[in-house]
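Trainee: Sequence:
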Amino acid sequence: LFGSSRNWNTLSRTLAHQTGRACLALDLRNHGQSPHQLPMTWEAMQQDLETTISNLQDSRLVLLGHSLGGLVVMQALAGSALLRKLVSAMI
Numbered sequence: 066l067f068g069s070s071r072n073w074n075t076l077s078r079t080l081a082h083q084t085g086r087a088c089l090a091l092d093l094r095n096h097g098q099s100p101h102q103l104p105m106t107w108e109a110m111q112q113d114l115e116t117t118i119s120n121l122q123d124s125r126l127v128l129l130g131h132s133l134g135g136l137v138v139m140q141a142l143a144g145s146a147l148l149r150k151l152v153s154a155m156i
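Residues in the sequence shown are numbered consecutively from 66, following my numbering.
Any given hint could be a false lead.
Claimed, not checked - Quick list of in silico lysine to any residue cross-link-like pairs, SDA-like style, CA-CA up to 20 Å:
(1) LYS150 to ILE118
(2) LYS150 to LEU133
(3) LYS150 to HIS96
(4) LYS150 to THR106
(5) LYS150 to MET139
Keep in mind that the hints were calculated from the coordinates and are not lab data.
Generate coordinates for the entire structure from the input sequences, incorporating the hints supplied.
Mentor: Here is the structure:
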């Protein structure tokens with residue numbers, strides 16, 4: 066159901082409006098409109114996320130991950146100074 070970032074457009078706009086902060090919806094590797102490439106591993110998805118985050122250079126970063134996205138965020142950034150807050154929505 067939520068395999069594409071486009072499914073989060075309404076929530077992203079609402080969160081941005083209510084918080085006054087930029088809100089980005091990202092597709093994990095091989096999901097939604099992201100490039101389909103190998104390897105399809107936890108490590109590769111974590112590296113993709115870490116690269117995106119380091120390019121943002123935002124010290125107030127709050128991440129919301131759903132399902133697989135939540136697991137990737139938790140594993141990639143556990144204990145990282147890059148992360149201010151994390152919301153993991155698991156169903």
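Trainee: Work down the list of hints and note, for each, if the structure agrees.
Mentor: Cross-check of the supplied hints:
1. At roughly 13 Å between alpha-carbon atoms, LYS150 and ILE118 fall within 20 Å of each other, so this suggested pair holds.
2. Simply put, LYS150 and LEU133 have alpha-carbon atoms about 18 Å apart, close enough for the 20 Å limit, and the pair holds.
3. Proposed proximity of LYS150 and HIS96 is contradicted: the alpha carbons are some 24 Å apart, above 20 Å.
4. Among the hinted pairs, LYS150 with THR106 is inconsistent with the structure: their alpha-carbon atoms are about 24 Å apart, more than 20 Å.
5. Proximity of LYS150 to MET139 is assessed by CA-CA distance (about 11 Å); at most 20 Å being required, the pair is judged to hold.
In this structure, the earlier hints numbered 3, 4 are contradicted, and the remaining ones agree with it.
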